[in-house]
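Chain by chain, the residues:
Protein chains: 2
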Amino acid sequence: MRINLDRLKQLFNEMSKVGATQEGGITRPTLSQQDKEARDLLVSWMKEMQLNVRFDDIGNIYGRREGRNPEAKPIVIGSHLDSIINGGKFDGVLGIICGLEVLETLKENGIIMDRAIEVVNFTNEEGVYFEPLMAGSGLISGDYELSEIYKQQDGEGINFLDELKAIGYLGSEKNRLKEAEAFIEVHIEQGPILDKEKLSIGIVEGIIGFTWLEVTVIGEAENSGPTPMPYRKDALSTSAKMISAIQNSAQEISEYGITTVGKITAEPGVVNTIPGKVTFTVDIRAEELQKQDAGVNLIKNRLKRIAFEEGLEISINEINSMEPIQFHPELINNLIDSADELNYQSKKMISGAGHIASFMNNFCPTAMIFVPSIDGNSHSPKERTDWADIEKATNLLLKSVMKLDKDGINYKCVKAHTNLTYKI
Amino acid sequence: MRINLDRLKQLFNEMSKVGATQEGGITRPTLSQQDKEARDLLVSWMKEMQLNVRFDDIGNIYGRREGRNPEAKPIVIGSHLDSIINGGKFDGVLGIICGLEVLETLKENGIIMDRAIEVVNFTNEEGVYFEPLMAGSGLISGDYELSEIYKQQDGEGINFLDELKAIGYLGSEKNRLKEAEAFIEVHIEQGPILDKEKLSIGIVEGIIGFTWLEVTVIGEAENSGPTPMPYRKDALSTSAKMISAIQNSAQEISEYGITTVGKITAEPGVVNTIPGKVTFTVDIRAEELQKQDAGVNLIKNRLKRIAFEEGLEISINEINSMEPIQFHPELINNLIDSADELNYQSKKMISGAGHIASFMNNFCPTAMIFVPSIDGNSHSPKERTDWADIEKATNLLLKSVMKLDKDGINYKCVKAHTNLTYKI
Numbered sequence: 001m002r003i004n005l006d007r008l009k010q011l012f013n014e015m016s017k018v019g020a021t022q023e024g025g026i027t028r029p030t031l032s033q034q035d036k037e038a039r040d041l042l043v044s045w046m047k048e049m050q051l052n053v054r055f056d057d058i059g060n061i062y063g064r065r066e067g068r069n070p071e072a073k074p075i076v077i078g079s080h081l082d083s084i085i086n087g088g089k090f091d092g093v094l095g096i097i098c099g100l101e102v103l104e105t106l107k108e109n110g111i112i113m114d115r116a117i118e119v120v121n122f123t124n125e126e127g128v129y130f131e132p133l134m135a136g137s138g139l140i141s142g143d144y145e146l147s148e149i150y151k152q153q154d155g156e157g158i159n160f161l162d163e164l165k166a167i168g169y170l171g172s173e174k175n176r177l178k179e180a181e182a183f184i185e186v187h188i189e190q191g192p193i194l195d196k197e198k199l200s201i202g203i204v205e206g207i208i209g210f211t212w213l214e215v216t217v218i219g220e221a222e223n224s225g226p227t228p229m230p231y232r233k234d235a236l237s238t239s240a241k242m243i244s245a246i247q248n249s250a251q252e253i254s255e256y257g258i259t260t261v262g263k264i265t266a267e268p269g270v271v272n273t274i275p276g277k278v279t280f281t282v283d284i285r286a287e288e289l290q291k292q293d294a295g296v297n298l299i300k301n302r303l304k305r306i307a308f309e310e311g312l313e314i315s316i317n318e319i320n321s322m323e324p325i326q327f328h329p330e331l332i333n334n335l336i337d338s339a340d341e342l343n344y345q346s347k348k349m350i351s352g353a354g355h356i357a358s359f360m361n362n363f364c365p366t367a368m369i370f371v372p373s374i375d376g377n378s379h380s381p382k383e384r385t386d387w388a389d390i391e392k393a394t395n396l397l398l399k400s401v402m403k404l405d406k407d408g409i410n411y412k413c414v415k416a417h418t419n420l421t422y423k424i
Numbered sequence: 001m002r003i004n005l006d007r008l009k010q011l012f013n014e015m016s017k018v019g020a021t022q023e024g025g026i027t028r029p030t031l032s033q034q035d036k037e038a039r040d041l042l043v044s045w046m047k048e049m050q051l052n053v054r055f056d057d058i059g060n061i062y063g064r065r066e067g068r069n070p071e072a073k074p075i076v077i078g079s080h081l082d083s084i085i086n087g088g089k090f091d092g093v094l095g096i097i098c099g100l101e102v103l104e105t106l107k108e109n110g111i112i113m114d115r116a117i118e119v120v121n122f123t124n125e126e127g128v129y130f131e132p133l134m135a136g137s138g139l140i141s142g143d144y145e146l147s148e149i150y151k152q153q154d155g156e157g158i159n160f161l162d163e164l165k166a167i168g169y170l171g172s173e174k175n176r177l178k179e180a181e182a183f184i185e186v187h188i189e190q191g192p193i194l195d196k197e198k199l200s201i202g203i204v205e206g207i208i209g210f211t212w213l214e215v216t217v218i219g220e221a222e223n224s225g226p227t228p229m230p231y232r233k234d235a236l237s238t239s240a241k242m243i244s245a246i247q248n249s250a251q252e253i254s255e256y257g258i259t260t261v262g263k264i265t266a267e268p269g270v271v272n273t274i275p276g277k278v279t280f281t282v283d284i285r286a287e288e289l290q291k292q293d294a295g296v297n298l299i300k301n302r303l304k305r306i307a308f309e310e311g312l313e314i315s316i317n318e319i320n321s322m323e324p325i326q327f328h329p330e331l332i333n334n335l336i337d338s339a340d341e342l343n344y345q346s347k348k349m350i351s352g353a354g355h356i357a358s359f360m361n362n363f364c365p366t367a368m369i370f371v372p373s374i375d376g377n378s379h380s381p382k383e384r385t386d387w388a389d390i391e392k393a394t395n396l397l398l399k400s401v402m403k404l405d406k407d408g409i410n411y412k413c414v415k416a417h418t419n420l421t422y423k424i
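Read top to bottom, the protein sequences are chains A and B.
Just so we're aligned, residue 1 is where the first sequence starts under my numbering, counting upward by one.
Just so we're aligned, residue 1 is where the second sequence starts under my numbering, counting upward by one.
No wet-lab data here; the hints were simulated from the structure.
Each hint should be verified, as a subset may be incorrect.
Note that identical chains are pooled: a pair holds if it fits in a single copy or bridges any two copies.
As the list claims (entries may be wrong) - Straight-line C-alpha distance at most 27 Å; calculated DSS-like pairs for lysine-lysine:
{"id": "1", "residue 1": "K198", "residue 2": "K233"}
{"id": "2", "residue 1": "K9", "residue 2": "K304"}
{"id": "3", "residue 1": "K347", "residue 2": "K233"}
{"id": "4", "residue 1": "K107", "residue 2": "K348"}
{"id": "5", "residue 1": "K233", "residue 2": "K196"}
{"id": "6", "residue 1": "K174", "residue 2": "K9"}
{"id": "7", "residue 1": "K406", "residue 2": "K347"}
{"id": "8", "residue 1": "K151", "residue 2": "K178"}
{"id": "9", "residue 1": "K174", "residue 2": "K73"}
{"id": "10", "residue 1": "K348", "residue 2": "K233"}
{"id": "11", "residue 1": "K107", "residue 2": "K347"}
{"id": "12", "residue 1": "K73", "residue 2": "K36"}
{"id": "13", "residue 1": "K9", "residue 2": "K151"}
{"id": "14", "residue 1": "K233", "residue 2": "K382"}
{"id": "15", "residue 1": "K73", "residue 2": "K196"}
{"id": "16", "residue 1": "K348", "residue 2": "K178"}
{"id": "17", "residue 1": "K277", "residue 2": "K300"}
{"id": "18", "residue 1": "K300", "residue 2": "K233"}
{"id": "19", "residue 1": "K291", "residue 2": "K47"}
{"id": "20", "residue 1": "K233", "residue 2": "K291"}
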């Protein structure tokens with residue numbers, strides 16, 4: 001039994017028209033008219049497929065195919081239809097369309113499963129006009145309060161609740177997802193690894209955690225000409241040493257450890273004045289909390305040491321952090337076994353970006369399937385994935401769902417809730 | 001015969017009131033009402049001292065004490081009364097007040113010299129409201145065209161000529177300085193060297209040249225999380241290596257070689273995005289043209305090599321330059337001998353900043369005397385110099401002038417005009 005790629009492509013191409021941009025991308029911020037159009041299209045598909053359609057009090061849309069056993073917890077597949085401004089066609093959409101195609105394949109093969117399957121579109125993954133991002137999944141996992149989300153305002157002062165009502169997707173609390181045997185999200189990698197390694201499938205073991213630092217280095221601003229090198233306290237040349245040290249620390253932090261300095265300002269910022277103050281950010285990521293914390297300490301100590309050696313002042317503030325997430329080992333094993341049975345080469349990997357699965361992991365056993373992002377392009381009209389890879393990922397999803405229906409996940413997710421709140 | 005420090009201080013303190021700021025500095029941009037007030041005060045002093053006062057067609061003010069021999073070229077002492085916004089009390093003022101005190105000392109000792117001495121206030125050294133800076137001396141040296149200077153407008157669209165007329169200092173072309181045996185400028189060092197080395201006197205051999213580069217490094221902007229270190233083209237971490245290489249190159253360039261990266265921008269400048277483009281400036285300075293040019297080439301090659309090794313693109317543009325200036329060796333020897341005769345410890349040094357003497361060196365034999373800037377502070381209300389050091393510098397000026405009157409400078413300045421135009 002295999003999925004039908006042509007049928008999948010047809011849905012994908014139809015959805016790609018909603019909010020299409022001149023550059024070949026899409027613009028579908030959550031609760032916008034384009035988002036409403038995409039939701040309406042999804043609901044019309046679900047009804048055609050004879051799914052039970054409902055939406056809850058944050059606007060998450062569920063399409064449910066009932067199973068034989070009404071007591072069994074459903075298997076949930078999902079992602080998001082919303083996008084950033086001029087984003088790509090694949091991000092989010094794929095996780096929903098692959099789920100629908102799995103249901104169509106089961107139907108055309110006359111298979112009735114033991115468990116229900118629900119395909120879900122979660123509200124506001126991207127957080128373009130309304131904070132927080134990943135609101136729909138954060139509500140289900142219990143990480144967010146709905147009353148707080150309702151109050152959030154967009155740039156024009158309109159609040160979330162009013163916009164949700166306006167597009168006609170305010171449902172009731174009783175429609176929320178209450179339990180699930182497992183959650184699986186198919187998503188583009190958003191990085192270059194699978195493409196570079198010519199692999200079709202990534203089986204995601206977890207999501208990398210991050211700590212963001214803001215570092216301020218204080219030296220002395222002096223005119224360059226009259227100030228010989230030995231008398232200087234140059235905040236920028238000292239920061240350059242720090243940036244190199246940060247760069248070199250990545251491989252010491254962990255296997256997936258990464259460090260990035262994304263933002264820098266030098267004051268006063270004049271060609272012939274030695275910078276007296278430099279501020280830069282550090283983004284430190286690791287796949288395990290202990291390694292992440294150790295990495296942050298390693299970098300803090302190295303920066304302080306450089307400042308001390310150069311005789312400059314330094315202050316370091318932690319401005320944001322998220323703990324790494326480990327997905328469910330049994331579900332990961334299910335995916336690995338399923339890929340093996342299909343003779344698909346796959347790679348266990350860590351996601352470098354946050355996903356709906358980040359929150360769903362707090363709610364039920366969760367894992368993800370990655371497909372390659374060609375040239376690593378993401379959040380851009382250049383986003384692209386080969387159809388052959390999407391076909392494999394959907395077959396893998398089908399196989400994994402069949403296995404889950406048969407064997408289930410034998411234990412409840414007992415993982416403590418990690419703090420997922422994005423402060424910025 | 002020694003100068004009278006109390007008399008000098010009285011003039012200094014009176015002048016410090018003109019344009020005084022709350023922070024203890026002064027604001028006297030050229031051709032402003034404060035500049036007019038400072039000029040009026042100077043002219044009143046010159047008249048009291050029975051000097052012949054004149055001003056020329058750019059507003060340079062001359063106070064001349066006649067000598068016995070009307071054929072002999074005058075010895076010229078001078079600097080500037082204008083300041084930046086909230087600048088220091090010493091910058092410029094000192095060169096004029098020391099000159100006046102030398103004339104007072106000669107007068108009180110009944111000494112009539114062979115040569116005339118002229119004390120000059122040059123117009124617009126700082127270039128606050130009108131470009132180019134150092135206009136008054138650049139006109140005398142023939143480096144600037146008066147018609148071009150007249151046309152320059154301040155921020156309110158008023159042109160230089162109208163402002164010069166408005167403050168009453170438009171004189172005639174015939175009043176310009178036409179010839180001089182020598183020009184000597186006393187000035188604060190504006191750097192930390194004399195203060196750090198506990199020396200009262202710097203004898204300035206020349207002015208450091210500079211070349212300014214604008215460097216653009218092009219990498220690839222990607223989301224930090226999903227992009228492992230080996231797949232990155234990080235324009236900022238590459239730039240950090242370049243900044244360290246620039247810093248380390250300074251000592252290879254020349255004895256006085258200095259390098260500064262004063263300005264940097266990283267795009268897109270987001271905490272979790274690898275910078276795809278970084279632009280920074282490089283200020284390269286050396287005391288000899290050949291070394292300056294070699295230093296620029298050394299740095300250009302090192303930056304290109306780093307870009308090549310890291311697989312990033314680089315472009316380097318020269319945005320400004322000024323050749324180094326060597327002052328007159330005989331006049332420098334005069335100053336060294338004079339300091340020795342006075343038992344003053346002195347240090348031969350290179351000025352890191354441009355001065356009126358930069359242009360005057362194209363006109364006649366020129367040199368400078370530096371006094372310490374405490375803590376290297378300059379262009380700030382914190383500017384300060386010990387009175388004991390100012391006293392020594394003025395005695396040195398007096399001794400040097402006496403020696404010049406006796407021996408003269410035996411040959412005309414034959415140095416080719418260097419390109420002094422500040423493009424920025």
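Return the numbers of the hints above that this structure violates; sort them in rising order.
2, 4, 6, 11, 12, 13, 15, 16 and 19
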